[in-house]
Amino acid sequence: MSCSESYDAARRPPAPRVRAELENPVTGRRVSAALYLDTGFDGTVLLTSDLWEELELGLVELDEDVYALHGGYLPVRLTPALARVNVCGAWSGLVRVYLHPLARRPLLGRGILNELYAYLAGPEARLLLSRSPASTAW
Amino acid sequence: MPRKVFLRGIDERLYAEVKARAAILGITVSEAVNRALELWLRTPASHAVEGGGRSRRLVEAAERLAEGRERGVLVVANDGELHALFDDLEGAVRWLRELYLRGELRNSLIRPLGRRAVRYLEVGGGVDELLGELRRG
Numbered sequence: 001m002s003c004s005e006s007y008d009a010a011r012r013p014p015a016p017r018v019r020a021e022l023e024n025p026v027t028g029r030r031v032s033a034a035l036y037l038d039t040g041f042d043g044t045v046l047l048t049s050d051l052w053e054e055l056e057l058g059l060v061e062l063d064e065d066v067y068a069l070h071g072g073y074l075p076v077r078l079t080p081a082l083a084r085v086n087v088c089g090a091w092s093g094l095v096r097v098y099l100h101p102l103a104r105r106p107l108l109g110r111g112i113l114n115e116l117y118a119y120l121a122g123p124e125a126r127l128l129l130s131r132s133p134a135s136t137a138w
Numbered sequence: 001m002p003r004k005v006f007l008r009g010i011d012e013r014l015y016a017e018v019k020a021r022a023a024i025l026g027i028t029v030s031e032a033v034n035r036a037l038e039l040w041l042r043t044p045a046s047h048a049v050e051g052g053g054r055s056r057r058l059v060e061a062a063e064r065l066a067e068g069r070e071r072g073v074l075v076v077a078n079d080g081e082l083h084a085l086f087d088d089l090e091g092a093v094r095w096l097r098e099l100y101l102r103g104e105l106r107n108s109l110i111r112p113l114g115r116r117a118v119r120y121l122e123v124g125g126g127v128d129e130l131l132g133e134l135r136r137g
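From first to last, the protein sequence lines stand for chains A and B. Taking this note's numbering, I'd label the letters of the first sequence as residues 1 to 138. Taking this note's numbering, I'd label the letters of the second sequence as residues 1 to 137.
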């Protein structure tokens with residue numbers, strides 16, 4: 001499976017993002033969100049408060065101590081929970097996702113990106129994601 | 001118009017930490033307090049009270065039930081009235097979903113058992129935005 005998505009051209013410079021389906025595994029509530037690719041993020045998915053509330057992830061919270069480190073410092077406490085994530089049909093699974101109280105944009109980190117092949121066609125402002133190298137016709 | 005407010009009962013250790021953090025960011029303590037208050041107001045109500053969707057009773061029950069257990073996943077639900085142990089997270093989710101579908105789930109907390117460790121996740125993007133947010137004013 002592979003998918004191709006346009007960069008967010010409203011950002012300067014434009015930023016690669018991908019549509020993902022997020023699901024609360026207990027209530028079944030689903031939300032579609034555009035996740036920005038962040039290869040500098042160690043985790044899977046970082047969520048904003050709005051998305052967290054919409055998904056009612058308070059019902060699937062994990063009792064774990066997790067902090068975000070920004071640029072190697074400035075620790076911010078995160079709230080972990082479980083969610084089913086489907087990244088544009090190319091990857092899906094039940095994973096830990098994190099609420100960041102200050103985040104304004106949801107991020108997709110290496111926790112998932114490292115399972116995918118990603119091609120950044122910067123000049124065309126397009127991102128291509130695939131589960132296998134064979135299915136990448138780029 | 002900025003307003004002067006005198007507060008009693010501020011935790012001394014907390015205040016010292018705020019002061020140090022503010023100095024690192026190059027902002028005043030007042031600015032830091034304003035940002036913290038803004039943040040608190042923007043935090044979902046469920047998280048502003050008990051530190052998450054969890055209730056104090058849930059956390060206490062999880063603490064008590066996890067004691068001496070080293071393997072598996074403990075799930076506590078409904079302020080500690082219900083609990084169960086599973087081999088993995090999938091099992092925990094299935095149990096919670098059954099409760100939810102029966103209309104019997106009010107709140108829950110999932111606790112992977114074993115040695116408790118603090119994890120740090122580096123966030124590459126967003127540092128400028130975050131500092132900008134804190135320095136705004």
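No lab work stands behind these hints: they were computed from the structure. Hints should not be assumed to be uniformly reliable.
[Claimed, not checked] So the derived label-pair ranges between C-beta atoms look like this:
| id | chain 1 | residue 1 | chain 2 | residue 2 | range |
| --- | --- | --- | --- | --- | --- |
| 1 | A | Ala125 | B | Gly9 | 49 to 55 angstroms |
| 2 | B | Glu17 | A | Gly72 | 38 to 44 angstroms |
| 3 | A | Pro133 | B | Asp87 | 16 to 22 angstroms |
| 4 | A | Glu56 | B | Asp11 | 43 to 49 angstroms |
| 5 | A | Ala9 | B | Ala84 | 46 to 52 angstroms |
We treat Cβ as the ideally placed atom computed from N, Cα and C, and that holds for glycine.
Are any of the numbered hints broken by this structure? If so, which, sorted upward? 2, 3 and 4
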